[in-house]
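Asker: If you read the sequences in order, they're chains A and B.
Going by this note's numbering, the first sequence opens with residue 273, and the numbers climb by one from there.
Going by this note's numbering, the second sequence opens with residue 5, and the numbers climb by one from there.
Do not rely on the hints blindly, as some may be mistaken.
Derived lysine-lysine pairs resembling BS3-like cross-links, with alpha carbons at most 30 Å apart [said to hold, decoys possible]: (1) B/K10 - B/K48; (2) A/K644 - A/K494; (3) B/K258 - A/K737; (4) B/K258 - A/K352; (5) A/K393 - B/K286; (6) A/K431 - A/K379; (7) A/K692 - A/K737; (8) A/K692 - A/K644; (9) A/K352 - B/K104; (10) B/K104 - B/K124; (11) A/K396 - B/K124; (12) A/K396 - B/K104; (13) B/K104 - B/K59; (14) B/K243 - A/K393; (15) B/K278 - B/K258; (16) A/K431 - A/K692; (17) A/K737 - A/K431; (18) B/K286 - A/K396; (19) A/K431 - A/K689; (20) B/K59 - B/K48; (21) A/K494 - A/K577; (22) B/K243 - B/K104; (23) A/K737 - A/K396; (24) B/K286 - B/K59.
Beyond 10 Å from chain B on every Cβ pair, some chain A residues (computed) [claimed, not checked]: (25) G295; (26) P457; (27) I764.
Derived from the structure by calculation, the hints contain no laboratory data.
Nothing here was measured: the structure is a model prediction, and the numbers come from that model.
Quick reminder that beta carbons are idealized off the backbone N, C-alpha and C, glycines included.
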Amino acid sequence: MTNPPFSRGFDFSRTDQAMTLEGFSETESNGRWSDGGIARALLHNETEWPQTLEIEIEASPFVPTGGGNQSLTISVNGAKQADFAFGQHLERVRLDIPLSLDRAATKRSLEICFEIDNPSKPAKFDMGEDFRNLGLFVHNIKVTGHESADRRNVTNPYKGLPSHQFWRRSISAVESFRVDPVTDPRFRISQNARVGTAGSCFAQHISRRISAAGFNYFVTEKGEMCDEQERAANNYGTFSARYGNIYTTVQLLQLFDEAFGTRIPTEAAWVRPDGRFVDPYRQQIQPNGFASEEAVLADRRDHLKAVRRLFEDTDIFVFTLGLTEAWRSKEDGSVFSAAPGVVAGAWDSGRYEFINLDLEQTYAALEEFLGKFHVINPNAKVLLTVSPVPLIATYEPRSVLVSTVYSKSVLRVAAEKALKQFDWVDYFPSFEIITGSSSGGLYYEADYREVNMRGVSHVMRCFMKHYIEGFASEPADLPREMATNDSMSGIICDEEILDRIRN
Amino acid sequence: MSGMEKWLVISACQAIGLGNCIQSLVSDVIVTGLDIALFNSDPKRFGNEMRSYSKLFLNPGVAHLLPPGEIDKIPDRVAVPAVFFRPYHPDLVYLECDGKVLRGPQGDYHSAIAYGCFSKGMSVSDTLRYFNGSFYERCGYMSLWIPERERLIGEMAASGIDIADPLRCWGRNRAFMHSSNHPHIHVLHDIARELVRMQDRTPVAGGIIPHDNLQLAECFAVYPEIGETLGIEGSYIFKGDTYRPVDLIEFVTKSFEIYGSFPQGSIVPYAHYKEYVDSVSKHL
């Protein structure tokens, strides 16, 4: 009895196909261009591939007049299958690759590699301002064969879903530094867009990288009166305004309300053991403290003005949710940046209380903030992230690790709820990049708390790739001269070196 | 031990490490690693021993350097390409003078940027300014991972060695190459395991991974900006013929001293690297 036919198509004009692409340009109306000397398509299948199959590739080559012929080598699963040569520009061709797979390979994704011999930039041939290195325009790929008897008629709701929805394809199948969980950004940030930041410590990394990359990191409280050293010491520019770390959504909401005059906190200044004064809502903003309560209030007035300007004028507001634990005034409900008595002030159980915000409290504050922010700045977008930095301490009588997971879980769900409720809010998964099992814990410093530069770099690679307009989604093309077709397997070290390593 | 089956590994600098790794995975075979230069230092002796081996793991890249007829003495042969992988060290090139590989402060390894700058008459301090991320990007140094990964997987696959899965893990924590042609020992160990399986044997599990003999040779720096894009921590510290760390300033300064001691124009890139070096130089 003949097994039933197997047929699976991959449409290169769509973004929802079960394939992972590298070296291809963005989707066009009827396919995609290869961009560079090598392009690769990883075709996924929920079940197994037939052992004997035929790969049909519908494509059109880039053969500009005066650019010479185009030739192409196709490899599947690392083994060369066929060479093709083309002489006619954009001629629609069908490339047939018959293939036999061993049993193990039927269970893996099919890896089709296109080595383009002569990729060229259209701009070089007066074909418009297109500086991509084009070689082959792939319309679609069809894999046909005969399904093995034991695998036929298998169907399920996951069939046809894109690769990023499958762990094996998008996480297991790539090197850990290339894991990229960002799939469908709701907006992109242009070079000139004003990007404001606030949140926990992790948001500082984003501020620094945005600024270093030459983007418009929007700072409304710059400390122009200080020299550079003083500015850094006094936390000017750490965030868009000098609010220090804003750990909880309640803190963010109360700052917004105070800045726009709908809230006046009861407590104005606290005294430190050294007699200096601090602002209770940003206690470590000025290491030397303030000389008097009046000085605290005067600086706070300037600060609130800067906060107002930030919320009114920013184009993008990046907020990193950090904690759910906080210390609150029983009198007016104000939340402080540190417990009374830690940096300044004095602990008084009659006046202050510990709170650990639950999901409803966390989201209520976030929702209210977002609603109010949107009223005063309706065109602004918000990008939410959750800090991957664990709690330094918990006041709950339990392990700090357990409290950390609770806190981060609440914050993550709150961000998800905001994402569902507001279409101008997006969620960026820096938390997942750092804490995901694919990172193996390697993105933390030796204290397992601080995120190291490798982790920050991974996060920022994904951020820049998906959110920054005009940022190349892949590294620059490899210049042709840099490509190696052979391995230099025959390189022999100097005799003296060989002597050293012969033991 | 006498009467045990014997296998031979012939390659270039990876021979000893690969031989040790294969040995660590089979208990009923004696495995010997032999680099091609040692073979050719006493071809008569090693030639006479060839027939005592039942299997030869041979790097095809050095096969032509063996005396004629030697390979045929061992009919059961397995091709094992050497691991050559540039993404961690894209600036590393080979130079030669009068047809001989030129030795510098990093042994056979030179910097394309340093050489290019020296050739254009620049000073050491001007040269150092080119060691930065944006220049590497312009040179294509950040774009090597995918094509090199494809090439290496394909090259091994052509010999029946599947390294697609292990390669994903090799660089998880740190670079898996000391230089473009010297892999870390765990890379050779994974390849050895695959080679043992290909002989229809089960690799011994839980044994010791042999020492990393290639660490005794020069180790080229993984520049921090390059390391950052590959998920590892880089530095501008080179390891020379001892463990004394050599920084970028010393490396470039000593490279210039050596280049300057030869007649002008007599140092040229190794043939395979000519276009590569030209490509970097045009950005200087």
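Asker: All the hints need checking, so say for each whether the structure fits it.
Answerer: Verification of the supplied hints:
Proposed proximity of B/K10 and B/K48 is supported: the alpha carbons are some 19 Å apart, at most 30 Å. Taken as a hint, the A/K644 and A/K494 pair is honoured in the structure, with Cα atoms around 25 Å apart against an allowance of 30 Å. For a cut-off of 30 Å, the pair hint linking B/K258 to A/K737 is broken: about 39 Å separates their Cα positions. Among the hinted pairs, B/K258 with A/K352 is inconsistent with the structure: their alpha-carbon atoms are about 44 Å apart, more than 30 Å.
Simply put, A/K393 and B/K286 have alpha-carbon atoms about 19 Å apart, close enough for the 30 Å limit, and the pair holds. A distance of roughly 15 Å separates the Cα atoms of A/K431 and A/K379; the hinted pair therefore holds under the 30 Å criterion. A threshold of 30 Å between alpha carbons decides the hint, and for A/K692 with A/K737 the separation of about 23 Å falls inside it, so the pair holds. Straight-line distance between C-alpha atoms of A/K692 and A/K644 comes to about 17 Å, which keeps the hinted pair within the 30 Å bound.
Restraint check: the Cα-Cα separation between A/K352 and B/K104 comes to about 35 Å, which exceeds 30 Å; the hinted pair is violated. Restraint check for B/K104 and B/K124: satisfied, since their Cα atoms lie roughly 22 Å apart, inside the 30 Å limit. Note on A/K396 and B/K124: the hinted pairing holds, with a Cα-Cα distance of about 29 Å set against a maximum of 30 Å. Distance hint between A/K396 and B/K104 is unfulfilled; the C-alpha atoms sit about 40 Å from each other, more than 30 Å.
With a CA separation close to 34 Å, the supplied pair B/K104 and B/K59 exceeds the 30 Å bound. Distance check on the hinted pair: B/K243 and A/K393 sit about 41 Å apart at the alpha-carbon level, beyond 30 Å; violated. A hinted pair counts as satisfied when its Cα atoms are at most 30 Å apart, and B/K278 with B/K258 qualifies at roughly 22 Å. Taking the CA atoms of A/K431 and A/K692, the gap is near 25 Å; set against the 30 Å cutoff, the hint holds.
Proximity of A/K737 to A/K431 is assessed by CA-CA distance (about 28 Å); at most 30 Å being required, the pair is judged to hold. Between the alpha carbons of B/K286 and A/K396 the distance comes to roughly 19 Å, so the proposed pair stays at or under 30 Å and holds. For the hint pairing A/K431 with A/K689, the CA-to-CA distance comes to about 28 Å; that is within 30 Å, so the pair holds. Simply put, B/K59 and B/K48 have alpha-carbon atoms about 19 Å apart, close enough for the 30 Å limit, and the pair holds.
For the hint linking A/K494 to A/K577, the alpha-carbon distance of about 12 Å falls within 30 Å, and the restraint holds. Restraint check for B/K243 and B/K104: satisfied, since their Cα atoms lie roughly 23 Å apart, inside the 30 Å limit. Taking the CA atoms of A/K737 and A/K396, the gap is about 26 Å. The hint holds against a cut of 30 Å. For the hint linking B/K286 to B/K59, the alpha-carbon distance of about 48 Å lies beyond 30 Å, and the restraint is violated.
Listed as a non-interface residue, A/G295 fails to keep its Cβ farther than 10 Å from every Cβ of chain B; the least gap is roughly 7 Å. Annotated as non-interface, A/P457 keeps its C-beta farther than 10 Å from every C-beta of chain B; the closest such distance is 21 Å. The non-interface label for A/I764 is inconsistent with chain B: the shortest C-beta to C-beta separation is roughly 5 Å, within 10 Å.
Hint check: violations occur at hints 3, 4, 9, 12, 13, 14, 24, 25 and 27; the rest are consistent with the structure.
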